[in-house]
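Q: Residue numbers (my numbering), protein chains in the order written: chain A, 1 to 321; chain B, 1 to 255.
The hints are simulated quantities; they were obtained by calculation from the structure and are not laboratory data. What you are looking at is a predicted structure, and each value in this text was computed from that prediction instead of being measured. Misleading hints may appear alongside valid ones.
Below, simulated SDA-like cross-link-like pairs (lysine to any residue); rule was C-alpha separation at most 25 Å, straight line [said to hold, decoys possible]: (1) K74(A) / P5(B); (2) K95(B) / T82(A); (3) K25(A) / L178(A); (4) K74(A) / N3(A); (5) K95(B) / M92(A); (6) K95(B) / L133(A); (7) K230(B) / T151(B); (8) K95(B) / G131(A); (9) K95(B) / L89(A); (10) K227(A) / L191(A); (11) K95(B) / H132(A); (12) K95(B) / S134(A); (13) K95(B) / E88(A); (14) K74(A) / F97(A); (15) K95(B) / Y11(A); (16) K19(A) / L191(A).
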Amino acid sequence: MINVENITKRYRTLTAIEKVTFTVKKGEILGFLGPNGAGKTTTMRILTCFTSPNEGTVQVAGFDCFEQALEVKKRIGYLPETPPLYHELTVMEYLLFVGRLKGLPSWRIPSRMDSVIEQVGLGEVRRRIIGHLSRGFRQRVGLAQALLHDPPVLILDEPTVGLDPKQIIEIRELIQSLVGSHTILLSTHILTEATAICQRVTIIHKGRIVAVDSPERLSARLRQSEKMSLTVKAPPPDWIERLRAFPGVMSVFQGPSIETCLIECKLGHDIREDLARFVVNQGIGLLELKTVSMSLEDVFLHLTQHDEPPPPTDPLTQEIL
Amino acid sequence: MSPVPTIIAKELRCFFVSPIFYIIGAVFLFIAGFLAHLMVVNAGQQALRLMQVQNVSAQLNLNDLVFRQVFLGLEMVLMFILPMLTMRLFAEERKLRTLELLLTSPIGINELVSAKFMSVLLIYLGLLGLTGITPLVLSLYTSFDWNPILTGYLALALQGGLFLAVGVLASTMTENQIVAAFLGFGLIFVIWLLGGLGDLLGNTPVGHFLSYLSFTEHFDRLVRGLLDTKDVVYYVTGTVLMLFIAHRIVDSHRW
Numbered sequence: 001m002i003n004v005e006n007i008t009k010r011y012r013t014l015t016a017i018e019k020v021t022f023t024v025k026k027g028e029i030l031g032f033l034g035p036n037g038a039g040k041t042t043t044m045r046i047l048t049c050f051t052s053p054n055e056g057t058v059q060v061a062g063f064d065c066f067e068q069a070l071e072v073k074k075r076i077g078y079l080p081e082t083p084p085l086y087h088e089l090t091v092m093e094y095l096l097f098v099g100r101l102k103g104l105p106s107w108r109i110p111s112r113m114d115s116v117i118e119q120v121g122l123g124e125v126r127r128r129i130i131g132h133l134s135r136g137f138r139q140r141v142g143l144a145q146a147l148l149h150d151p152p153v154l155i156l157d158e159p160t161v162g163l164d165p166k167q168i169i170e171i172r173e174l175i176q177s178l179v180g181s182h183t184i185l186l187s188t189h190i191l192t193e194a195t196a197i198c199q200r201v202t203i204i205h206k207g208r209i210v211a212v213d214s215p216e217r218l219s220a221r222l223r224q225s226e227k228m229s230l231t232v233k234a235p236p237p238d239w240i241e242r243l244r245a246f247p248g249v250m251s252v253f254q255g256p257s258i259e260t261c262l263i264e265c266k267l268g269h270d271i272r273e274d275l276a277r278f279v280v281n282q283g284i285g286l287l288e289l290k291t292v293s294m295s296l297e298d299v300f301l302h303l304t305q306h307d308e309p310p311p312p313t314d315p316l317t318q319e320i321l
Numbered sequence: 001m002s003p004v005p006t007i008i009a010k011e012l013r014c015f016f017v018s019p020i021f022y023i024i025g026a027v028f029l030f031i032a033g034f035l036a037h038l039m040v041v042n043a044g045q046q047a048l049r050l051m052q053v054q055n056v057s058a059q060l061n062l063n064d065l066v067f068r069q070v071f072l073g074l075e076m077v078l079m080f081i082l083p084m085l086t087m088r089l090f091a092e093e094r095k096l097r098t099l100e101l102l103l104t105s106p107i108g109i110n111e112l113v114s115a116k117f118m119s120v121l122l123i124y125l126g127l128l129g130l131t132g133i134t135p136l137v138l139s140l141y142t143s144f145d146w147n148p149i150l151t152g153y154l155a156l157a158l159q160g161g162l163f164l165a166v167g168v169l170a171s172t173m174t175e176n177q178i179v180a181a182f183l184g185f186g187l188i189f190v191i192w193l194l195g196g197l198g199d200l201l202g203n204t205p206v207g208h209f210l211s212y213l214s215f216t217e218h219f220d221r222l223v224r225g226l227l228d229t230k231d232v233v234y235y236v237t238g239t240v241l242m243l244f245i246a247h248r249i250v251d252s253h254r255w
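Using the sequences plus the hints, can you model the full thing?
A: Printed below as a string of structure tokens:
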């Protein structure tokens, strides 16, 4: 549905994105993850035909973003970073304007307006002036604007920014309900959000794509060791040294308290049983023993903290890994 | 519904809720009315003087004494007022990031620019229409030649269209409305001063060319009642050229 090939965008002296390539399949939701300034917004602006790349081609729903921009624009619902709102209009007036602008036939506008107002929960403010709305409501009006003409492709630039936790959950549920019938590209710098709603994530850093995979496989792939945490009731003073002597253990760190330690061993060595036996034999009181899996946060930091990013991975090499 | 009427309707809605529109309208109508009042009083005094000297009721030419003066005065007023009407059109869209909505919607930039231009043109023509009260009221009390008045209004409409197109162009260049307004004044003044430069060079090809570029000679001819296609062509091509440059500037945001 979305086909991005080798796009590069340069501003005068700055290269915003370089040789970015990815695809989004029909009905899929792809998370676009990266620190601020990584090139997420630039990529989205190129997809929506708002800016043009210096090199490379972009196809959305089978149409070229440069040659057939109007056809592409008809099929995209776009929520920019800053919701594009006219503060002097009411919510209803604004949506009516957007509906006509997007070329929705007049007879469909009222029913579509009612359904998006219902979907994003704007019922109580539909007659209020947008300038008087809170940030959360404005964000929802922005989302309503993107959904209004029922486009097959949705491009959402940080859709949950500025919302309170309850609204974030509502909006995430709404986005998840659109998966399957819509193709969605969603950018975020909140990692839990990507884990919660995206089938695949693309990590972009300094204008380059550094990884594409499902959140689970990304963390599995980047795990270089088995990590576990052990908490006991009465730790003997030399227990850290004794734990280090276990076969396969690479390092042992004192945890946040003296009763806890973090043990890192070689990949494939699960020493939890040995640890349990050790603790029971010593009679020091086992309180907790668990593996620590790498969260998306760790993956993200791991990938973006290296100055030299690892080469971009495409689905083929992932299969080998 | 085609996007052009949609955008025009939205622009008009935004104008009617903004104080700037009411201030500009009030100032324009006040100056137009006050100028006409001064000229009528002045014409009356001259008529009285002529009656005392010649002891006959003199037939004054109201077209020269009143309307031409009013039209020439309004020409100046338009230079200041119209850039304030156009300053928000694109500058505000850029500032509020709503240009992103417009440019990612399935509409052409030409439709966008022409819709924005037409919305301010409609507002201006509405205001100009209200000043038509002056000749209508005067026609109740005296008689004058309507032709120069009609061509005068045509001149004001065409000139206003040109100034508005320059204003639209200025508005696409910046995201600051004040800057857009001053840029608009500046451009209009430059076009105006070209006429002065042309006069200075006198009867040379360059002089004629520069005078042709300025609106003063075209405006004067129309106000005197001379309807010439070359003046109409000047205004129409000038307006279209300004809007075309505005179109190119909006399009250049992609790069």
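Q: Could you check the structure against the hints above and give me the numbers of any it violates, in ascending order?
A: none
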